[in-house]
Amino acid sequence: MNFDSYDLDPAVFDEMFGADGAPHPHCGDLYDTLGSMSSDDLSAIGEWVTRSFTNEGITFTVYGDDEETERIIPIDSVPRVMSATEWGELTAGLKQRLSALNRFLEDIYGEARIIADGVIPADMVRDCPQYRLEMRGFKAPHGVWVAVCGTDLVRTNDGFRVLEDNLRVPSGVSYMLAIRKATKSAHRLLYRLSRVRDIENYGLILAQTLRELAPEGRSDPTMALLTPGIYNSAFYEHMFLARQIGADLVEGRDLLVEDGYVYMRTTSGLKRVDVIYRRVDDDFLDPLVFRPDSLLGVPGLLHAARLGNVSLVNAPGTGVADDKSVYAFVPDMIRYYLGAEPLIENVETYLCRRPEDLEYTLDNLEHLVVKRVGESGGYGMLIGPHSTAEERNEFAALLRADPADYISQPTLALSRAPCLIEGRLEPRHVDLRPFILTGAETRIVPGAFCRIALRRGSLVVNSSQGGGGKDFWVLDD
Amino acid sequence: MLSRSAAGLYWMGRYLERASHLSRLLRQQTESLADSPPRDIYFGWHRIYGALDREPLSGALELDSDDLFALVDSFALADDLTFEPTNPDSIRSCFAQGRENARQMRHHISAEMWTCLNQSHLRLQDMEMPDIWVRSPENFYAETAAEIDTFRGVTSSTLYRDDAWHFVQLGNYLERTQLSASLLMAQIAAVHLFEVPADAYWTSLLRHYYAFEAYNRASSAAIDPDRVLGLLVTNPQLPDSLSLSVSELCGELAAIGPGPDTEATARTRSQAEYLRQLVGIEWPGGADGHALLRRIDEGCRELHHLITKTYFDYPVLAPDHGRAGRHDQ
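Here the protein sequences come in this chain order: H and R. In terms of our numbering, the first sequence is numbered consecutively and its last residue is 477. In terms of our numbering, the second sequence is numbered consecutively and its last residue is 806.
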């Protein structure tokens with residue numbers, strides 16, 4: 001296999017090659033191994049990985065007009081690698097960021113000092129649809145509102161940037177583990193040679209994190225993973241994680257609240273539940289507090305959590321901290337709560353609620369990415385450089401109609417990594433979602449879900465929009 | 478174990494047993510298409526549809542002496558029982574339901590079980606009747622039954638023997654008992670309908686139960702319907718006999734332990750013991766035999782109802798904190 005058709009772009013950081021065209025020092029083994037393989041060898045590995053996903057039913061569900069389809073995320077068989085030194089710097093920044101975000105949540109649902117001190121405008125928080133008035137005065141166990149965080153990182157020639165904090169029900173960790181299992185087996189010689197750091201203990205660490213957040217006096221807590229059910233697109237992950245942490249996989253109908261305690265219905269009667277790793281959105285969690293028409297939640301659940309009789313992970317109301325407008329203030333939160341400069345920077349963000357930012361955005365639509373604050377998954381966005389005049393006009397009208405609903409950011413040249421495309425190695429844009437767990441302490445397994453924009457030149461990595469995934473290896477120095 | 482999980486595993490066991498039972502029946506039936514007289518072919522279809530208590534999509538079965546027509550009709554009937562999407566008891570529907578229950582309960586079953594079941598599901602998913610009919614339909618049914626047997630073997634080798642195992646087995650044995658009772662009743666009814674006794678009707682039944690050799694060893698005499706039925710109902714050594722199936726389901730119920738309501742648990746176990754009594758008595762033959770099978774069939778339905786009310790869907794009372802506390806770890 002050679003890199004003849006692999007074009008390097010000086011404006012884009014390449015995960016494999018330096019600016020001089022030579023492989024990064026930590027990519028040497030991967031480069032040599034790929035060089036010694038034929039296109040057929042590498043294609044066979046790709047097919048094997050895909051087949052193993054098919055056989056094991058590692059799927060996400062896509063809903064069409066009248067039927068659901070179980071789909072397999074396209075997996076690229078060439079791993080992305082990173083040195084342990086670089087990973088160490090990254091994890092320090094991720095821990096710092098999550099620490100500040102937890103402090104922020106504890107604060108805004110409590111005394112709201114950060115608002116009183118003028119660091120963040122009150123309306124920025126209180127107008128956010130994810131700000132839950134019902135959570136005012138809530139005491140999260142050990143002050144941990146967000147125990148499971150999936151932070152989206154991108155790399156440019158200027159270094160890593162946080163693109164998004166996912167603080168509600170971040171998904172993708174099961175793909176991280178499943179892709180590792182398949183890729184490790186397919187590249188076993190290279191894997192051993194490269195001294196890749198292990199991630200298989202993620203389930204144990206997650207279980208430990210959840211146990212640390214159990215209510216007082218529950219030293220051997222009963223844990224449950226609350227899923228919306230089989231029709232949720234991430235159901236495979238829910239099932240996978242329940243198995244990993246030894247928890248029951250429950251739906252709202254399996255639980256009930258009596259006298260401020262949560263119970264699940266078992267074959268031998270009701271059993272108290274102490275910790276719920278919930279993968280149901282806030283809106284549907286408790287029909288007595290949030291959406292009254294929800295059939296997915298448990299009436300009285302929030303009351304039980306307020307009493308401290310059950311721990312909800314993540315706590316409701318955390319969405320206010322990963323709102324796309326509030327995101328712009330995370331560096332200020334780090335300075336305010338931790339008295340330190342952010343170790344990983346944000347992407348420059350224009351809040352269209354500010355007249356000057358709106359004007360700048362409208363004047364530069366062809367260069368910017370415009371995002372609707374309440375959307376995710378790559379929906380509701382305009383990628384200026386790839387847009388038509390008609391699309392830009394449409395977005396300009398939307399921005400003028402409701403500027404507070406939008407932010408804009410410069411179009412980043414996301415880094416690229418080699419991928420096997422139709423038998424050839426070609427660069428594709430990638431991002432990275434590591435998972436950060438916080439209980440009594442903060443832990444990060446040395447791995448991440450690496451998403452790929454499979455279409456040439458595309459910057460959209462979301463699996464629902466044609467994105468794929470690949471393994472990500474942290475190598476011992 | 479979570480009640481909904483237990484119910485899912487129980488139903489997985491039931492659906493896969495149903496798919497296996499029908500695959501074996503259809504294997505025999507399609508084997509007979511090569512050389513059996515049309516009358517025997519129609520007997521077979523009557524027996525299968527009678528056992529399933531189903532009318533063919535094309536209308537009532539009618540005997541036609543035309544060989545070719547029997548084959549054409551058989552294609553439609555086999556399709557109805559194998560791939561017809563509106564038939565909830567077709568092999569593909571049962572497989573899909575079994576697999577869907579497994580998908581929802583994947584955290585309770587082994588990865589090996591899931592992969593085995595999923596691969597079979599993927600094989601079946603895109604098949605249609607013409608695909609299997611042009612080659613060897615009996616091979617398709619034999620392979621399908623063998624895949625379910627493989628799944629059972631993998632289950633036996635890899636599944637921890639906790640409640641997950643016991644509920645899968647409970648569903649499996651209860652379904653087997655009920656399907657057998659229905660099949661034997663349908664056999665008796667079809668024999669009456671076709672009036673002329675034929676050994677082939679009984680030997681095919683014995684072969685369905687893998688009991689032909691066992692029958693020959695135990696009975697040197699020629700085929701005797703009551704001896705055949707007696708063997709299939711009361712012989713505790715025959716793997717698929719009603720006697721062994723009921724004995725196994727009683728064992729599974731005992732292993733599961735009590736439900737939240739002591740009285741409901743007692744009623745459920747007592748119903749299982751009642752079934753054990755029924756299959757333990759000497760085969761009475763004649764009209765009494767048919768009545769006995771009917772009581773077994775009804776007894777199975779009642780047992781299913783009691784299992785559901787005892788373990789899956791019991792009325793929830795305000796928790797007695799003392800009782801709930803006993804389950805706290």
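Everything labelled a hint here was simulated from the structure, so no lab data went into it. A portion of the hints provided could be inaccurate.
Said to hold, decoys possible - A partial selection of chain H residues facing chain R, derived with a Cβ cut-off under 10 Å:
| # | residue |
| --- | --- |
| 1 | E56 |
| 2 | L204 |
| 3 | I205 |
| 4 | A224 |
| 5 | G229 |
| 6 | A234 |
| 7 | F235 |
| 8 | H238 |
| 9 | L241 |
| 10 | E251 |
| 11 | Y263 |
| 12 | R306 |
| 13 | R400 |
What the hints assert, rightly or not - If you want the ones that stay clear, here's a sample from chain R, every Cβ over 10 Å from chain H, calculated:
| # | residue |
| --- | --- |
| 14 | E577 |
| 15 | W610 |
| 16 | S633 |
| 17 | D640 |
| 18 | H669 |
| 19 | S697 |
| 20 | I700 |
| 21 | G757 |
| 22 | E775 |
| 23 | V793 |
For every residue, glycine included, the Cβ atom is placed at its ideal position computed from N, Cα and C.
**Prompt:** Checked against the structure, which of the hints given earlier come out wrong?
**Reply:** 2, 3, 6, 12, 13, 14, 17, 23
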